[in-house]
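Asker: Chains A and B supply the protein sequences, listed in that same order.
Note that the numbering used here has the first sequence beginning at -16, numbered continuously upward.
Note that the numbering used here has the second sequence beginning at 18, numbered continuously upward.
Keep in mind the hints are simulated off the structure, nothing from the lab.
Hints are not guaranteed to be accurate.
Claimed, not checked - Reference listing, derived: stretches of chain A covered by chain B, where coverage requires no fewer than 3 residues with Cβ under 8 Å from a Cβ of chain B:
(1) -7 to 6
(2) 62 to 73
To be verified - In silico contact screen, one side only, chain A against chain B (beta carbon under 7 Å); selected entries:
(3) G28
(4) A97
(5) S99
(6) S112
Computed from a predicted structure; not experimentally measured.
No residue lacks a Cβ here, since even glycine has one placed at the ideal position from N, Cα and C.
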Amino acid sequence: MKIELTVNGEQREADVWEGESLLFALREKLGLPGSKNACEQGECGSCSVLLDGTLVCACLVLAAQADGHDVVTVEGLGATGEPHPVQEAFVEAGAVQCGFCTPGLVVATVDLLAHSPQPSEDEIREALSGNLCRCTGYAKIFDAVRLAAQ
Amino acid sequence: MGALGNGTRGLAGGTDLVPLLRDGLVAADRLVDLRRVIPSGIDGTAIGAGTTLAELEADPQIPDALREACRLAASPQLRNMGTIGGNLLQATRCWYWRLNYPCRLHGGDVCHAREGQHREHAIFANDYCASAHPSDVAAALLALDATVETTRAAGPLAGLYRLPDDHDRNLVDLGADELITRIHYERPEQSVYLKAMDRKRWAFALVGVAAARYDDGVRLGLAGVAPIPWRLASLDDLEQATPLPGTAYKLELARALGRRAIAAVGG
Ligand SMILES: Cc1cc2nc3c(=O)[nH]c(=O)nc-3n(C[C@H](O)[C@H](O)[C@H](O)COP(=O)(O)OP(=O)(O)OC[C@H]3O[C@@H](n4cnc5c(N)ncnc54)[C@H](O)[C@@H]3O)c2cc1C
Ligand code: SF4
Ligand code: FES
Ligand code: FES
């Protein structure tokens, strides 16, 4: 089936099968590999995107469900050579090691700061609790969020 | 509304169904987006089945037990997507079942968990299938004396669930084309939900205990202890548990959480 959706502000079309995830469509059909596929079970958050402004796991949304809706991926946050302030903060704080979790964390952080520009420690932990990182131990990630909030 | 044809599955938030479809554990010829047909939103003590866990968690009108059950379930991303109706109907997390072992719930004649790995499994009603129901929300709603309204009937939440047997392996008593439309709860004087997990956030309950105090006493609902959400008349009923070697620790957890929950609601 054919779906039409807005991705990062652009009107896009894709041919998808009924059971196909939005994550697969973004990565394989729309040329946007920024959202990562790690668990595809909703457990790691590496596929986080904003669907109509709500933070979701793209691996659990069917592409068909996104028909007619608005999607923002990590690619839509900054421009080449002009990273989003959250992306800059992640680099500056040294919050990136292998980088697999980073796109999801950046999207989740952008969502957090949009709702709560000065988040408490608890809010930061809660907001990022759906994003797993195997490398950093999270301390530098939390540093990055605090830095971005300044 | 209603009448989903043969081979059609309803999809709400998709957080449970999408991976099951992909892994071939559930088959569907056609999917229907339920969010277009079922009500959502909160109106007094009535909750539309399409209301997300995130909406419930954020609404101060909702009793503490249900808000906490939502807040402690899954991750923010999942709570943004997952609906209360879908949560009540989520499939078991038993890994044998998820890995498609030909176990009793899949129509076979053994429970692999009973003989094998069953640390996360049940302490009640576990002789046929030892799975432990994962819904924090259902535990809270049992304590809150909830009623479920469907496209066909309305009745107590406990009646939505059944224990599997040789004739019927389903854990839910719902027609193929029947949809949950609303959930109604009784407003308690005080309520609480306590959840024991392997890590501090974002894990399924090893044991979850909801307690709600009413005029006539405290009602208790438990997650993670039986194949279906489990109601206890009192903590004394824990004496009737039949833990497996690997789940005996859950009885201790249930006792401790139960005492704390009852104390917390002033019961
Ligand atoms: C990684 C992970 C962790 C989780 N952790 C927890 C946890 O700690 N605690 C907890 O309680 N839950 C947990 N969950 C479960 C999660 O909360 C549920 O998956 C979610 O609430 C299901 O809602 P949904 O709208 O996405 O359901 P869907 O996936 O859309 O549907 C689930 C099932 O219900 C049916 N259905 C949905 N709505 C209706 C309706 N109105 N009428 C009839 N049938 C309907 C669908 O056909 C399907 O069979 C977790 C899930 C995941 C993936
Ligand atoms: S506990 Fe239930 S779902 Fe798990 S293996 Fe046994 S019969 Fe199957
Ligand atoms: S790939 Fe979506 S949550 Fe892990
Ligand atoms: S940096 Fe490697 S998973 Fe987070």
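Asker: Each hint needs a verdict: does it hold in this structure or not?
Answerer: Now the hints, each set against the structure:
1. Counting residues of the segment -7 to 6 of chain A whose CB lies closer than 8 Å to any CB of chain B gives 3, which reaches the minimum of 3, so the coverage claim holds.
2. Proximity of the segment 62 to 73 of chain A to chain B, defined as three or more residues with a beta carbon under 8 Å from a beta carbon of that chain, is not established by the 0 residues found.
3. Of the supplied interface hints, the one on A/G28 holds, with its beta-carbon coming within about 6 Å of a beta-carbon of chain B, less than 7 Å.
4. At about 13 Å, the closest approach between the beta carbon of A/A97 and any beta carbon in chain B exceeds 7 Å, and the interface hint on this residue is violated.
5. Hint status for A/S99: violated, given a least beta-carbon distance of 12 Å to chain B, over 7 Å.
6. Satisfaction of the interface hint for A/S112 is found here, the shortest Cβ-Cβ separation to chain B being roughly 4 Å, below the 7 Å cut-off.
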